[in-house]
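FYI, the working numbering numbers position 91 of the sequence shown as 334, with every residue one higher than the one before it.
Careful, some of the hints might be misleading.
[As the list claims (entries may be wrong)] Beta-carbon label-pair distances, calculated as ranges: (1) I245 - A399: 21 to 29 Å; (2) K372 - K341: 28 to 36 Å; (3) L397 - K341: 12 to 20 Å; (4) I373 - F283: 28 to 36 Å; (5) H396 - W261: 35 to 43 Å; (6) H334 - I373: 27 to 35 Å; (7) Y350 - W380: 42 to 50 Å; (8) H396 - F313: 36 to 44 Å; (9) F248 - Q346: 49 to 57 Å; (10) K377 - I327: 41 to 49 Å; (11) K376 - P257: 16 to 24 Å; (12) Y350 - P371: 31 to 39 Å.
[To be verified] Derived pair list, reagent style EDC-like, types lysine to aspartate or glutamate, alpha-carbon separation capped at 20 Å: (13) K337 - D323; (14) K259 - E333; (15) K259 - E325; (16) K398 - E342; (17) K341 - E325.
Derived from the structure by calculation, the hints contain no laboratory data.
Yeah, the Cβ is synthetic: ideal placement off N, Cα and C, and Gly gets one too.
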Amino acid sequence: SITVFSSTFAMVLPHKEWALFFESVHFMSTEWVLIYLLLFLEHYIGHTNATMRTRLPFMIYAALSNLSLFLNCIFHHVVDCERIVLNTTEHINKFITKEPFYQTHLYFCGLLVVIILAVMTEAWIRSPKIYKKKYSWGLLIILLTIGVEVLCHLKAYVHDFALFGYIDFAFL
Numbered sequence: 244s245i246t247v248f249s250s251t252f253a254m255v256l257p258h259k260e261w262a263l264f265f266e267s268v269h270f271m272s273t274e275w276v277l278i279y280l281l282l283f284l285e286h287y288i289g290h291t292n293a294t295m296r297t298r299l300p301f302m303i304y305a306a307l308s309n310l311s312l313f314l315n316c317i318f319h320h321v322v323d324c325e326r327i328v329l330n331t332t333e334h335i336n337k338f339i340t341k342e343p344f345y346q347t348h349l350y351f352c353g354l355l356v357v358i359i360l361a362v363m364t365e366a367w368i369r370s371p372k373i374y375k376k377k378y379s380w381g382l383l384i385i386l387l388t389i390g391v392e393v394l395c396h397l398k399a400y401v402h403d404f405a406l407f408g409y410i411d412f413a414f415l
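Please construct the entire structure, taking both the sequences and the accompanying hints into account.
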């Protein structure tokens, strides 16, 4: 997935400009992964209340956010980075987020995750007993992923391990 690769490249690249570019791609692709995960989920479960018209504002916002994230490579207004020495031969990039631009990205992604969780919960409640197990696994994975996401932010981990949960959820 572009999201995982860009996050990994951003962490290890020696040049700040490239690291910031890939970190911006990581943020951009995270937004789109969540949007398309929501659209797929709504289509899969036959959620008739959500149409492309109601999701269009999310896509427009993501496009504007992506423009801002692309410009971050020049202005460093969303995230910046510094090299951290791990030992004599290994270095890693630590990313420093900046408010309010990073916060808007974070809240947008959080909103998408809450909507995905609500759609999954509704599907679980309305589904026949035979499908509850499948939706239960999906809910469990998304809840564990949210927990990992919160832990990554609270502990200020260099790598966002929650990405793997979103990918696992998409394959479920």
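Going through the earlier hints one by one, which of them does the structure break, listed in rising order? 2, 4, 5, 6, 7, 8, 9, 11
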